[in-house]
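Q: Chain by chain, the residues:
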Amino acid sequence: MASQRTKSRTPAEREYESYALEAIDDRRGDPDVLLDVPEVKVDSIHLEVDDLDAHVALKAKVLDLVKLNAGVDAHLGQLRIDLKGVEAQALLKVRLDRVTAIVDRVLTTVDRNPELVKSLGRTTEQVGEGAGHALGETGEAVEDVGEGAEGAVQDIGSGAGQAVDELGQTAGQAGQALRQVGEGAGEAVGGDGGGIADASATGIAKLAAKIVAKELKSVAREEAKELGLAAARKAKEVGERRNERKAEES
Amino acid sequence: MARKGDRDRIEDSDVEIGASVKAKRLRFREKPETNVDLHGELQEPEGSGELQTASGSERENLPDEVEPGVTYRDVRVGWRAAGRLEEPDKRQSE
Numbered sequence: 001m002a003s004q005r006t007k008s009r010t011p012a013e014r015e016y017e018s019y020a021l022e023a024i025d026d027r028r029g030d031p032d033v034l035l036d037v038p039e040v041k042v043d044s045i046h047l048e049v050d051d052l053d054a055h056v057a058l059k060a061k062v063l064d065l066v067k068l069n070a071g072v073d074a075h076l077g078q079l080r081i082d083l084k085g086v087e088a089q090a091l092l093k094v095r096l097d098r099v100t101a102i103v104d105r106v107l108t109t110v111d112r113n114p115e116l117v118k119s120l121g122r123t124t125e126q127v128g129e130g131a132g133h134a135l136g137e138t139g140e141a142v143e144d145v146g147e148g149a150e151g152a153v154q155d156i157g158s159g160a161g162q163a164v165d166e167l168g169q170t171a172g173q174a175g176q177a178l179r180q181v182g183e184g185a186g187e188a189v190g191g192d193g194g195g196i197a198d199a200s201a202t203g204i205a206k207l208a209a210k211i212v213a214k215e216l217k218s219v220a221r222e223e224a225k226e227l228g229l230a231a232a233r234k235a236k237e238v239g240e241r242r243n244e245r246k247a248e249e250s
Numbered sequence: 251m252a253r254k255g256d257r258d259r260i261e262d263s264d265v266e267i268g269a270s271v272k273a274k275r276l277r278f279r280e281k282p283e284t285n286v287d288l289h290g291e292l293q294e295p296e297g298s299g300e301l302q303t304a305s306g307s308e309r310e311n312l313p314d315e316v317e318p319g320v321t322y323r324d325v326r327v328g329w330r331a332a333g334r335l336e337e338p339d340k341r342q343s344e
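Read top to bottom, the protein sequences are chains A and B.
The first sequence begins at 1 in the numbering used here and counts up by one.
The second sequence begins at 251 in the numbering used here and counts up by one.
Among the clues, some could well be false.
What the hints assert, rightly or not - Below, a list of computed lysine-lysine pairs in the DSS-like style, where the Cα atoms sit at most 25 Å apart:
| no. | chain 1 | residue 1 | chain 2 | residue 2 |
| --- | --- | --- | --- | --- |
| 1 | A | K236 | A | K61 |
| 2 | A | K61 | B | K274 |
| 3 | A | K236 | A | K246 |
| 4 | B | K274 | A | K41 |
| 5 | A | K67 | A | K246 |
| 6 | A | K118 | A | K41 |
| 7 | A | K61 | A | K118 |
| 8 | A | K246 | A | K118 |
| 9 | A | K84 | A | K41 |
| 10 | A | K84 | B | K274 |
| 11 | A | K59 | B | K274 |
| 12 | B | K274 | A | K236 |
As the list claims (entries may be wrong) - Computed spacing ranges between beta-carbons, pair by pair:
| no. | chain 1 | residue 1 | chain 2 | residue 2 | range |
| --- | --- | --- | --- | --- | --- |
| 13 | A | E115 | B | S298 | 21 to 27 Å |
| 14 | B | T284 | A | L107 | 19 to 25 Å |
| 15 | A | R112 | B | P313 | 57 to 63 Å |
In case anyone wonders, no lab produced these hints; they're calculated from the structure.
Think of the CB as a built atom: it goes at the ideal place given N, C-alpha and C, for glycine as much as any other residue.
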């Protein structure tokens, strides 16, 4: 039985007060999640257990900013017991106020620094990770594909980024060449007006080089973005196909 | 068992699981194999946090190492495991 905090206490909560582990000091009040088996009475139990695993975990995730995981794993390898005149109680409590505070703090950080989300959404790496997460939900095999795709997207993004740098360098070189042409033109004009002609030709060359470099970088960025998105789409398709095949096989 | 006032006791736990059993008679046919693992992690922009954990049991009329085939009478066993998240800023201020 799971119950949420209410103004009037539930029977389970009243029973909880007499719980065997009553020494527990509840400074933070009632838990947000309460799983309570207040009392089980059985005359006789013959219990045999082989490799019983019990997992209880509290997990929370906000974008890729916060990952929270707290839990208990219990393992019973072998158990063979006889009990007579049995009374048993069990309890699970989860409190979310600290988790809420952590999430609230992160959201406040995001609120005050919206560029954080923009930068997360802008990079091709994040596109790849998004594809990986989407695939992760469809199964382990698909997750592997997603990871591969994620790596591919990162590689593509990295390659594209390098291409941008190289294009930028090329543009710089082009600018330098134009500047030299401008300087040459200025020198060719020569005479008394040479200085003025030299200055204006160099200025035009610099401006042209800047514009060319800017255009080249912009085109390259768009290409990189498109490549990342295309890779993410492809990864998702592969994952879906794999998942469909898996469903058909089963 | 980590009780009130114990040094290993977890105050303000975020996750807590416990159980207790009372029995008039209890007999183990084999020596039980048990293992309990508490785990936790917290990653956020300010840094990484940890899970402070504690677990233990209290027993009445039952030894720590039980003997197969022996009948124990008027037995009571309580077990509890608890975990609390240690936030990065709190750890730094401590």
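Q: It remains to establish, for every hint, whether it holds in the given structure.
A: Status of the hints after comparison with the structure:
Proposed proximity of A/K236 and A/K61 is supported: the alpha carbons are some 22 Å apart, at most 25 Å. Proposed proximity of A/K61 and B/K274 is contradicted: the alpha carbons are some 46 Å apart, above 25 Å. As the CA atoms of A/K236 and A/K246 are separated by approximately 15 Å, the hinted pair is consistent with the 25 Å bound. About 12 Å separates the Cα atoms of B/K274 and A/K41, which keeps this hinted pair within 25 Å; it holds.
A C-alpha spacing of about 30 Å is found between A/K67 and A/K246, which places the hinted pair above 25 Å, so the restraint is violated. Between A/K118 and A/K41 the alpha-carbon distance is near 58 Å, which puts this suggested pair outside the 25 Å criterion. Annotation: proposed proximity of A/K61 to A/K118 holds, straight-line Cα distance about 18 Å (limit 25 Å). For the suggested pair A/K246 and A/K118, the alpha carbons sit about 36 Å apart, so the restraint of at most 25 Å is broken.
Between A/K84 and A/K41 the CA atoms are separated by roughly 10 Å; this keeps the pair inside 25 Å, and the hint holds. Annotation: proposed proximity of A/K84 to B/K274 holds, straight-line Cα distance about 6 Å (limit 25 Å). For the hint linking A/K59 to B/K274, the alpha-carbon distance of about 39 Å lies beyond 25 Å, and the restraint is violated. Distance restraint check for B/K274 and A/K236: the Cα-Cα separation of roughly 59 Å exceeds the 25 Å cut-off, and the hinted pair is therefore not satisfied.
At roughly 23 Å, the beta carbons of A/E115 and B/S298 sit within the given window of 21 to 27 Å. Taking the beta carbon of each, B/T284 and A/L107 are about 41 Å apart, not inside 19 to 25 Å as hinted. Taken as a hint, the range 57 to 63 Å holds for the pair A/R112 and B/P313, whose Cβ atoms sit roughly 58 Å apart.
In summary, the structure is inconsistent with hints 2, 5, 6, 8, 11, 12, 14 from the numbered list given earlier, while agreeing with the others.
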